[in-house]
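K.L.:
Listed here are the chains, written in short residue letters.
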Amino acid sequence: MTNTLDIESRGGRAGTTLLKLDDVIMRYHTKEGWVSAVENITFDLANGEALGLVGESGCGKTSVALTLLGLLPDNAAIISGDIQLDGESIVGLPEEQMRRRRWRDIAMVFQGAMNSWNPVYKVGDQIREALRLHWPETLTYTQETERIGQLFELVGLNPLMADRYPHEFSGGMRQRAVIAMALSCNPKLIIADEPTTALDVIVQDQILKELKNIQAELGMSIIYISHDIAVIAEVTDRMGVMYAGKLVELGDTIEVFHRPRHPYSYLLLSSTPSITGPRRKLAPLEGEPPNLIDPPTGCRFHPRCPFATERCSLEDPVLTQIGGGHAVACFNWQDVPEIGGLQK
Amino acid sequence: MTDTLLSDPDSTPTIDLGEIVATPLWRIRLRVAWRSFRKNWALFSDNKMGVVGLLIIVVFGIMALAHPILLATAWEGHEEGGKNVYDVRAGADSIIVEKTVVDVVTDPVTEIGRIEAALMGSGAVIPEVGTVLEVPLANPAPPVFRDVEHAHVLGTDPFGADIFSQLLFGARAAFLLGAIAALSSVFLATIVGTVAAFYGGTIDTLLMRLADLVILIPLLPLLIVMSGFWQIGLMGLGILIGVLGGLGGTAIILKSQALSVKVKPFIDAARISGGTDWRIITRHIIPNVLPLSFLYMMFGVTGAIFIEATLSFLGLLNIDASWGIMINIAHTQGYTLQGLKVWWLMVPAGLAITVFSAGFFMVARAMDEVVNPRLRRR
Amino acid sequence: MTEPLLKVEGLTKHFPVSKSLFRSPTDFIHAVDHISFEIALGESLGLVGESGCGKSTTGRLLVKLDEATGGTAELDIGEGKLDIAHVPKEEMRDFRRNVQMIFQDPFESLNPRRTVFDTVSEPLAVQKIGTVTEREERVAELLHKVGLTPPATFLFRYPHELSGGQRQRVAIARALVLDPRFVVADEPTSMLDVSIRISIMDLMLNLARDAGVSYLYITHDLAVARYMCDRIAVMYLGKIVEMAPTEELLSNPRHPYTRALLAAVPVPDPAFKKQAPDIKGGISKAINPPPQCRFLERCPMANETCATADHPPLLDRGGAHLVACHLVP
Numbered sequence: 001m002t003n004t005l006d007i008e009s010r011g012g013r014a015g016t017t018l019l020k021l022d023d024v025i026m027r028y029h030t031k032e033g034w035v036s037a038v039e040n041i042t043f044d045l046a047n048g049e050a051l052g053l054v055g056e057s058g059c060g061k062t063s064v065a066l067t068l069l070g071l072l073p074d075n076a077a078i079i080s081g082d083i084q085l086d087g088e089s090i091v092g093l094p095e096e097q098m099r100r101r102r103w104r105d106i107a108m109v110f111q112g113a114m115n116s117w118n119p120v121y122k123v124g125d126q127i128r129e130a131l132r133l134h135w136p137e138t139l140t141y142t143q144e145t146e147r148i149g150q151l152f153e154l155v156g157l158n159p160l161m162a163d164r165y166p167h168e169f170s171g172g173m174r175q176r177a178v179i180a181m182a183l184s185c186n187p188k189l190i191i192a193d194e195p196t197t198a199l200d201v202i203v204q205d206q207i208l209k210e211l212k213n214i215q216a217e218l219g220m221s222i223i224y225i226s227h228d229i230a231v232i233a234e235v236t237d238r239m240g241v242m243y244a245g246k247l248v249e250l251g252d253t254i255e256v257f258h259r260p261r262h263p264y265s266y267l268l269l270s271s272t273p274s275i276t277g278p279r280r281k282l283a284p285l286e287g288e289p290p291n292l293i294d295p296p297t298g299c300r301f302h303p304r305c306p307f308a309t310e311r312c313s314l315e316d317p318v319l320t321q322i323g324g325g326h327a328v329a330c331f332n333w334q335d336v337p338e339i340g341g342l343q344k
Numbered sequence: 001m002t003d004t005l006l007s008d009p010d011s012t013p014t015i016d017l018g019e020i021v022a023t024p025l026w027r028i029r030l031r032v033a034w035r036s037f038r039k040n041w042a043l044f045s046d047n048k049m050g051v052v053g054l055l056i057i058v059v060f061g062i063m064a065l066a067h068p069i070l071l072a073t074a075w076e077g078h079e080e081g082g083k084n085v086y087d088v089r090a091g092a093d094s095i096i097v098e099k100t101v102v103d104v105v106t107d108p109v110t111e112i113g114r115i116e117a118a119l120m121g122s123g124a125v126i127p128e129v130g131t132v133l134e135v136p137l138a139n140p141a142p143p144v145f146r147d148v149e150h151a152h153v154l155g156t157d158p159f160g161a162d163i164f165s166q167l168l169f170g171a172r173a174a175f176l177l178g179a180i181a182a183l184s185s186v187f188l189a190t191i192v193g194t195v196a197a198f199y200g201g202t203i204d205t206l207l208m209r210l211a212d213l214v215i216l217i218p219l220l221p222l223l224i225v226m227s228g229f230w231q232i233g234l235m236g237l238g239i240l241i242g243v244l245g246g247l248g249g250t251a252i253i254l255k256s257q258a259l260s261v262k263v264k265p266f267i268d269a270a271r272i273s274g275g276t277d278w279r280i281i282t283r284h285i286i287p288n289v290l291p292l293s294f295l296y297m298m299f300g301v302t303g304a305i306f307i308e309a310t311l312s313f314l315g316l317l318n319i320d321a322s323w324g325i326m327i328n329i330a331h332t333q334g335y336t337l338q339g340l341k342v343w344w345l346m347v348p349a350g351l352a353i354t355v356f357s358a359g360f361f362m363v364a365r366a367m368d369e370v371v372n373p374r375l376r377r378r
Numbered sequence: 001m002t003e004p005l006l007k008v009e010g011l012t013k014h015f016p017v018s019k020s021l022f023r024s025p026t027d028f029i030h031a032v033d034h035i036s037f038e039i040a041l042g043e044s045l046g047l048v049g050e051s052g053c054g055k056s057t058t059g060r061l062l063v064k065l066d067e068a069t070g071g072t073a074e075l076d077i078g079e080g081k082l083d084i085a086h087v088p089k090e091e092m093r094d095f096r097r098n099v100q101m102i103f104q105d106p107f108e109s110l111n112p113r114r115t116v117f118d119t120v121s122e123p124l125a126v127q128k129i130g131t132v133t134e135r136e137e138r139v140a141e142l143l144h145k146v147g148l149t150p151p152a153t154f155l156f157r158y159p160h161e162l163s164g165g166q167r168q169r170v171a172i173a174r175a176l177v178l179d180p181r182f183v184v185a186d187e188p189t190s191m192l193d194v195s196i197r198i199s200i201m202d203l204m205l206n207l208a209r210d211a212g213v214s215y216l217y218i219t220h221d222l223a224v225a226r227y228m229c230d231r232i233a234v235m236y237l238g239k240i241v242e243m244a245p246t247e248e249l250l251s252n253p254r255h256p257y258t259r260a261l262l263a264a265v266p267v268p269d270p271a272f273k274k275q276a277p278d279i280k281g282g283i284s285k286a287i288n289p290p291p292q293c294r295f296l297e298r299c300p301m302a303n304e305t306c307a308t309a310d311h312p313p314l315l316d317r318g319g320a321h322l323v324a325c326h327l328v329p
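Residue numbers (our numbering), protein chains in the order written: chain A, 1 to 344; chain B, 1 to 378; chain C, 1 to 329.
Please note: incorrect hints may appear among the correct ones.
[Unchecked claim] No more than 16 Å apart at the CA atoms, straight line, and that leaves these computed lysine to aspartate or glutamate pairs for EDC-like:
#  : chain 1 : residue 1 : chain 2 : residue 2
1  : A       : K209      : A       : D237
2  : A       : K209      : A       : E194
3  : A       : K209      : C       : D278
4  : C       : K280      : C       : E297
5  : C       : K64       : B       : D277
6  : A       : K31       : B       : D277
7  : A       : K20       : A       : D86
8  : C       : K64       : C       : E91
9  : A       : K20       : A       : D44
10 : B       : K48       : B       : D368
11 : A       : K281      : C       : E247
12 : A       : K122      : A       : E168
13 : C       : K64       : B       : D268
14 : A       : K281      : C       : D202
15 : A       : K188      : A       : D86
16 : C       : K7        : C       : E38
17 : C       : K81       : C       : E9
18 : C       : K64       : C       : E74
19 : C       : K285      : C       : D27
20 : C       : K64       : C       : D94
21 : A       : K209      : A       : E168
22 : A       : K281      : C       : D230
23 : A       : K188      : A       : D6
24 : A       : K20       : A       : D82
25 : C       : K273      : A       : D237
26 : B       : K39       : A       : E32
27 : C       : K7        : C       : E74
28 : C       : K285      : A       : E168
29 : C       : K128      : C       : D118
30 : A       : K188      : A       : E88
31 : B       : K39       : C       : E161
32 : C       : K64       : C       : D83
33 : C       : K128      : C       : D94
For the record, the hints were derived by calculation from the structure and aren't laboratory data.
Here chain A stands alone, though its shape is the one from the complex (with noise of 0.2 Å):
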């Protein structure tokens, strides 16, 4: 075994199955009814896959990452489905040991990093309250310290910064510590929700270089939740689109960019502007999100598509394999034409 204070992914072989959704079904209550807000979602993430999930405000994708936490406040509640990580079910845990993985197993990158630290401590030092309540073994100071450095050195920031306090450190280094942050007790899995919304195009594009340099290294898992494709496009090797609480289409990037299969998700790339590709015409998506609270009948997607038939308003697609690992909630799939000027 090599050294304890490596910094490397506990979780299991590349390839093999780290993360199992069956059929998750999650609600919040409010007054004005019972919010659905993640309906039906089954997927699963392999040891080292970077997974995408796509999808407009309020469609149920920071949801998802609640859920995965534990994080859910008092009014939400899982109504039914699975968790399974490690092959270990998570749902209904206890508060206690849910909190002990959730730092171990599962770490998080949320946006808004200015949010994430307390402007009181040293940054190193609130890294070192990580280590110390959720690192397994009992660690010295310097130990602590050593691998503090190491973190920092892992997600190019100086190790000497991490004797200052978050306000002397710009967006992007802030946004830096916070993933050194989530690295620190080695988890299995990384959720990074809109982890670069905040900054600006040059950092953007810094942090999701050095994410994507550390996944490969220490061969881990990560899933993305992104309201830009052009940011998932980058960074996933398989992504999710995400519509009103439903997981509308799913498979591997490339395939979902270059044969969009769900209308929504037709849509929606071809209603991304792009510096690339020849100046077109992008199509609107019409109409506005549904009230997930009085969610439509039927397919969720049914009043703004372009080829809804009577089907779509009365019986709900449910998410269908359709080959080579490409999966779409749909049932007029085959009428999708191919994406005109995206693709060179």
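Based on these hints, arrange chains B and C on the given structure of chain A.
P.N.:
Below, chains B and C alone, put in the same frame as chain A:
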């Protein structure tokens, strides 16, 4: 003036406006206002505490209204010794003996001479300074129910005046004082706060230092001192509390709210449209500060009632009757140390002060949740 | 070339770093530093850069939300020209009618206590144009134009009863109610969802075409700028470093900063092989900047000329492609 912008019939597509243009604007506005009132009421009524508070206020309101009505009907003609014991203004007077007060004796020797001369009819006049009311002590009567004609539901005070009647009259006084104090304080605070926030710079500095100064002066001792110089009545007290409260803490709170409104892009948009300072302050900033102003108005009522009760208890106010004065009478006539034996002298008035203040406080807390969505429970 | 609608020359804005009653400030942020550009009638110019580069300040100067420290900005208002930096009081009305702004955050740019009608008709009310009924008709016509149909159902709603996209449509209606010639759009779609973004951008493009409006389109997103703008100007720390027609700038970036920026933009195509952006360090603040090139510290190719000479001027390198760099021939 005619304007090219609006009178271009060719380019205007015909749009069916339905009844909107036909209906006068104020009717639509009324409808819109009613709709948002209903929405806010729904939010407010969700909070049980607020509803209870509102109920309390309504009950006190009925009490205040009941006093003149009862006085004109049920309590009419209950003369005792020539005066109506239910009339708080005249009731106590019926048994009061007017007595002449002689000037304070400065030089005993000459004074005695002067008085002697006067008594012997030498023509010297005893300087009359004023009259005080001296009241012969009667025993306070406990609540009586059986005699409907002369019912004293809550008994009488040491002067034989009816307690229940005073309690009702006190509600009137409390509403009057609370309204004057709260309205004047919020009016001032809103103006001072928004002006300071909007103009900033020297105006802001001056107004805020004034606010600091007002906060530094302890309100109650100041009022006690002032009552020594002037006869402070209910109106005067209300305005004093209002001005001092409005220039102090409330102004600072409303200023911070106005500041947060001032930096919103819709203020910029109004400026770009050419809106004057006056228009921006009155149409954009104040409407967004007003809910908070209203909230502090509610808290202000509670504060004013406590101050009035304290000053009345100390006997420093020139007021006919109030809850504070009821306790003051019980205290000055020596009944405060008798425990609950004569409970009707203090308990009704004390309870009234507490419950009335609590009512406004509860409404304010519930309104707080309507005004600040962050406090709302999901 | 025809006379431009807007001709900006040497526009400058310095903010004092600390204000004090008794001491005049010594440190200034050079938010906008001697920038010059022109916008033709009906043209839209994209102003692109990272946060803090001065692009929003430029927009605020042009609508007179902030007063310029120096420079001129001549706006052709049809019957004559007006220098935005020095508008005489009696011409303020003309100025306000010709220049409008659309803001980034649709949730903050509408007064929550005023109905759609109040908000959209406010410029008319301020300028005292028309009777109430005429204003109602004009507002309805605009709501129809921006796609809020039927207008009667939207006229008396409050902002919280509208979705983000609908609010931004209201904001656009407000900006266009006076038929302005020039509109500053400050990231109008960056807070909107992808699916709504395109319809708002299309709406703005159509309105520009129909009403002959020119935009200064401020954005951090080059892909959006490409969709919306005829020309793009790239700003870095208060200076325009490169300005060219959109496709020319994207296909042939010449300033090292533009190149880095372009290389960093994420591309919605997993098969696309990007080159790494070549840039050093992070962005700093332009507090009392030295006279040399603003990009000097971060420039991968800076040489001795750059280290000694003043900030390079923005020069035309042919084909209306302007670059401010010592190293570009």
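K.L.:
If a hint holds in the structure, say so; if it does not, say that too.
P.N.:
Do the hints match the structure? See the list:
no., hint, result
1, K209(A) to D237(A), "14 Å, holds"
2, K209(A) to E194(A), "15 Å, holds"
3, K209(A) to D278(C), "14 Å, holds"
4, K280(C) to E297(C), "7 Å, holds"
5, K64(C) to D277(B), "15 Å, holds"
6, K31(A) to D277(B), "41 Å, violated"
7, K20(A) to D86(A), "8 Å, holds"
8, K64(C) to E91(C), "13 Å, holds"
9, K20(A) to D44(A), "4 Å, holds"
10, K48(B) to D368(B), "13 Å, holds"
11, K281(A) to E247(C), "15 Å, holds"
12, K122(A) to E168(A), "10 Å, holds"
13, K64(C) to D268(B), "10 Å, holds"
14, K281(A) to D202(C), "9 Å, holds"
15, K188(A) to D86(A), "9 Å, holds"
16, K7(C) to E38(C), "4 Å, holds"
17, K81(C) to E9(C), "14 Å, holds"
18, K64(C) to E74(C), "13 Å, holds"
19, K285(C) to D27(C), "12 Å, holds"
20, K64(C) to D94(C), "13 Å, holds"
21, K209(A) to E168(A), "23 Å, violated"
22, K281(A) to D230(C), "14 Å, holds"
23, K188(A) to D6(A), "14 Å, holds"
24, K20(A) to D82(A), "8 Å, holds"
25, K273(C) to D237(A), "15 Å, holds"
26, K39(B) to E32(A), "14 Å, holds"
27, K7(C) to E74(C), "5 Å, holds"
28, K285(C) to E168(A), "14 Å, holds"
29, K128(C) to D118(C), "14 Å, holds"
30, K188(A) to E88(A), "13 Å, holds"
31, K39(B) to E161(C), "12 Å, holds"
32, K64(C) to D83(C), "11 Å, holds"
33, K128(C) to D94(C), "13 Å, holds"
Violated hints, in rising order: 6 and 21; the structure is consistent with all others.
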